[in-house]
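Colleague: First to last, the sequence lines map onto chains E and S.
Throughout the first sequence, residue numbering follows this note's numbering, covering 596 to 731 in sequence.
Throughout the second sequence, residue numbering follows this note's numbering, covering -7 to 500 in sequence.
No wet-lab data here; the hints were simulated from the structure.
Given the structure is predicted, the values throughout are model-derived calculations rather than measurements.
Among the hints, a few may not be true.
[Stated by the list, open to error] Partial list, derived from the structure: chain S residues whose beta carbon lies under 10 Å from chain E:
hint : residue
1    : -1
2    : 2
3    : 3
4    : 12
5    : 16
6    : 48
7    : 52
8    : 53
9    : 54
10   : 56
11   : 60
12   : 393
13   : 398
14   : 401
15   : 473
[To be verified] Listed next, the stretches of chain E that the computed footprint assigns to chain S, with coverage defined by at least 3 CB atoms under 8 Å from CB atoms of chain S:
hint : region
16   : 665 to 671
17   : 674 to 683
18   : 687 to 697
In this text, a Cβ means the ideal position worked out from N, Cα and C, and glycines have one as well.
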Amino acid sequence: MKTIIFKTASSYLLPLLLLFAIFILLRGHYLPGGGFVGGLIAAIAFVLHSFANGIERTRGIIKFHPGFLMPIGLSIALCSGLAPLLVGSPFMTGLWYHNPIPVIGMIGTALIFDIGVFLVVIGVVLTIIFTISETI
Amino acid sequence: MSNPYIILPVIFQLFTAILLMFFWTKKNSQKLISIICSLITLGISIWLITIVLLQGIHVTQAGGWEAPFGITFVADPLSTLMILLTSISGLAVSIFSTGSVRNARIKFGYFPIFHFLLMGLNGAFLAGDIFNLYVWFEIIIISSFVLITLGGEKAQLEGSIKYVTMNLLASVVFLTAIAILYGLTGSLNMADLSIRVANIENRGLVNVTAILFFVGFGIKSAVFPLHFWLPASYHTPPPAISAIFGGLLTKVGVYALLRVFTLIFIPDDFMTDVITWVAIMTILTGCLGALVQNNIRKIFSYLIVGHIGYMIAGLGMYTEAALVGTIFYLIHDIIVKTNLFMVTGVIFKLKGTYSMRNLGGFYKTYPKLSLLMAVPIFSLVGIPPLSGFWAKVFWIESGFITENYLLVFVLVFGSFLTLVTMAKLWAEVVWKDGDALPMKINVKYFWELKPIKRVAMIVPIVLLSMVSLYIGFGAEHIISISRLIGSQLIDTTPYIEAVLGPLNAEVI
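Bound-form chain S, shown alone (with noise of 0.2 Å):
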């Protein structure tokens, strides 16, 4: 169905941009206006997510170029869904860098650039151009790029400059991949190369193709052997942006992936072991290095390392079992590792540290907070019936029924010590009895702020564990709307015919 309208999360955040710009020097209306806008463009995206799963999904061609040769939008359940949670996120991070962010670096820009990058994100999940995806991808990292350096401490610029080489090496692995695809069907849209990859002869360079894709995806979203550069850079930016980009940017890869791997090139036997065996490599590497880190970001960001590793997982067993499980995931892991450092950032303001060994006595000193805490951190775990728990039996049932033994082994060794990893950093944090801290001078503590700094923190953390407590407790609707978009990734007829109008028999 055509819609014009189905591109406003996109446009309205340019305008809340653009917006933001006007307001260079007014820190505060800059921050009032953030919110209000974040709160529409979630208006906005339920509105699409609605219409979306209602009537059917939705197409635009923009500037009026039809498809195969203009660029062409498309709403599909998947796409509207990570809107949705885009948006739910970005509100909440939003609202958090109201209390969290300091002045010096609002002054430079921080609230429009943090709203360029979720319009690339939203027009990355609608786009349905490989190369627009491409572009979509670019300013997703531009605006990443000046957020991370944002600042410039010294630990900031030494993990920014990982950070950017590894993103600009996926750019070109990407860019070489879009061009060698170009070449082979002489089509960039999406649905028609759909079609066209499926008629090749020459399967070998369909596969080097594909793996092209794998390692420029791969990178951005973080599997093993190429998931260094998360670790070292996400500690070091502010908590707000390690939110947003914990949450989200590794997860565009992985959408990314599921689309490119669902629609252009159907995996055969080659590409999901593959698939398989990186997933595993990334789910030992993740939750083992998390083991041993002291750091709290840093446990952290090694888990979402090894939970990445869960989703690829999902898309390597290619079943719609699993792709059920991965969407699942999905939306209870961009949600959770939100919360999860937003949760870091009130902990260094109430304490001055990341470090576990050092922390301590938080339940002693704020029992409430812990119990907020337990929202997440058990959700990551996955203790049934919180959000973690639900995908893992679709994962473990297809795992048993294309008998792949090892990889269900492997999710179970994960989620074993993920559990020891978050009962360690529980008991170091909240149980242990905690050393009074040395005050640091550069730090502004949490009781030093202004009250409506401190609600602003706290706020975001107990609207997303919401979230998460519905992902749990409400699991039937999100398992309906899961299955409902692994059906469409398996059986992609709706989306081409949505796209190119109606297919007649030879076509296929």
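Isolated chain E (complex conformation) (with noise of 0.2 Å):
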């Protein structure tokens, strides 16, 4: 599939892509999106990539093996279910900032959980992606 057109257009696909996902991870908790979506979203960027150019570029774009997010996206869902715990209220417990913020919305650690879950999902997808392409 390395023909001229789509090669062209991954290479600006890749950044709309991602865009959308940041965008599908901050619209949810209230409307339909979320964690989960946005990082199946933004590994179809990274997957669309590879397709186009090569496992090889889009790791060279990546820099860093994708397996790594894994911890650091459950790492950060943990810490937001842990910061209630800092005011004494049970784990996981929803903490809000009252005013909302231009473009963002509302700011809480519901966000924080699903921006853990967003690195968790790219990082599980992108790794069973090059590895099951590696071994083909």
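Once you've looked at the hints, go ahead and assemble the two chains, each given alone in its own frame, into the complex.
Modeller: The following block contains the structure:
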């Protein structure tokens, strides 16, 4: 599938899809979307790039092993769960900053948890895809 | 009493697993972190059981949503005791793994998955919500799927297919039962269910749901006739993994049975009859099966089944004394079974085989090790005053009170069969003159290991043997804890009030 059209398109689609993934991530919680779907879309952006340019080029963009995103994402999610314990509330209680921030919207521990999920999903999907395409 | 920190055993295991994932490629750091964090978890669980025994039941509502709508975590004496036992076995197996698990397995994430498994176990013990219990069971079985297939040897994969199929089936039955229960009552909180189920008029439907739960947990804890997957799979993975499976995974099924059948479904005559007959058949099949096996790991696998039957028998009699016996036996069995599977690991490293017929001459060549092996083996048989003995006193006593003479006979007969099996094992492995076995190329023998790895394989066995001896000789303390738990299993009002707040008279 190394046609010139696909190759050119993929280099424009990668940032667009990543932006869309972040949009979906921020849109979550009250509306359809969230960390899991956002993570899948972000992973698909890289998968598309690797189809067009080969797996080695995509690895070159990411710079580090995507599996490393899993513990980072998990620790972000764990921290969002632990944060309420500092103010004496039970584990996983939602803490919210009262004033909404432009563009991003409401900020709270639920968003941080979603960011954790986002990173874990990207890490898992890319690890699986890279491992499978290595063995083929 | 509300205390958000009771969830620490779960969170700390998750933290450990995440920390280990950061050290994915560094196997020596992983070993060190695993042991240190297991020690800290042991400290946390000792703290937890101390505050629960001193101050009563502690509760936290995850996310701050009040019961019965949110997810409740309850630390009562039974769950904190199970967490303490998990931490002790977890520490022992963690040390044992550093010596016995091959580098190839560690490279593919053995330690992180091991700690995810312990997290699932701790979560299942703390869960106060039946759907949450299901979720923790899923975490446990997914981690155990990875552990049982890690390494990908042919026998391992064959065993794991049986294991995976039966456990998925059990999950489906369990989930169906939850769905029906939710349809009947409209609640998932176990304390709330306890009140609501008692008020349902259609007892037939309640009994059907109870049977579904019994089947679901029955497959997981391997009771007759749903036990065939256990002896077919537990002898295939490396000894460290067998140890944690044999010690804890079936016992979490027994824990769930104890919880559900004392809190939600109070067994009527029909249910106690069903449970008693299942217990009788489980004891007979397990102990008779162990008698004819030659592979020492298969012998212990069959004995797990037989001894699960003992614990179910305590539930079947449903008197306070019988439940005290079951709790005591649970404590003893977790420690001893973990220990025995580790002992088989050492035997394999020394001789390169699990076959009882080929083994032999242990007392001549390794007298100290044989004496060490004697502790778990004779504890398992229950030779007084070792730990397996005391629970049987309670069961036989309540068997006579409930006039369940057949069950008493089977209990005694089962113990006799265990004795015969263990005597045979002792005679074949320890006393018989052994021939020099041909060396195998793909086995790394004990004397080829580094001294630190040899120490790491012996220390946990010594540790758990000491715990076993304490359970036997310090039985007074264990019995007083078991009595406390037994009385709380019969009178569940403290549990319900801790979760839902003080009850007013009309609700009851």
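Colleague: Among all the numbered hints in the text so far, which are the ones the structure does not match?
Modeller: The structure conflicts with hints 6, 11, 12, 13, 14 and 15, although it agrees with all the remaining ones.
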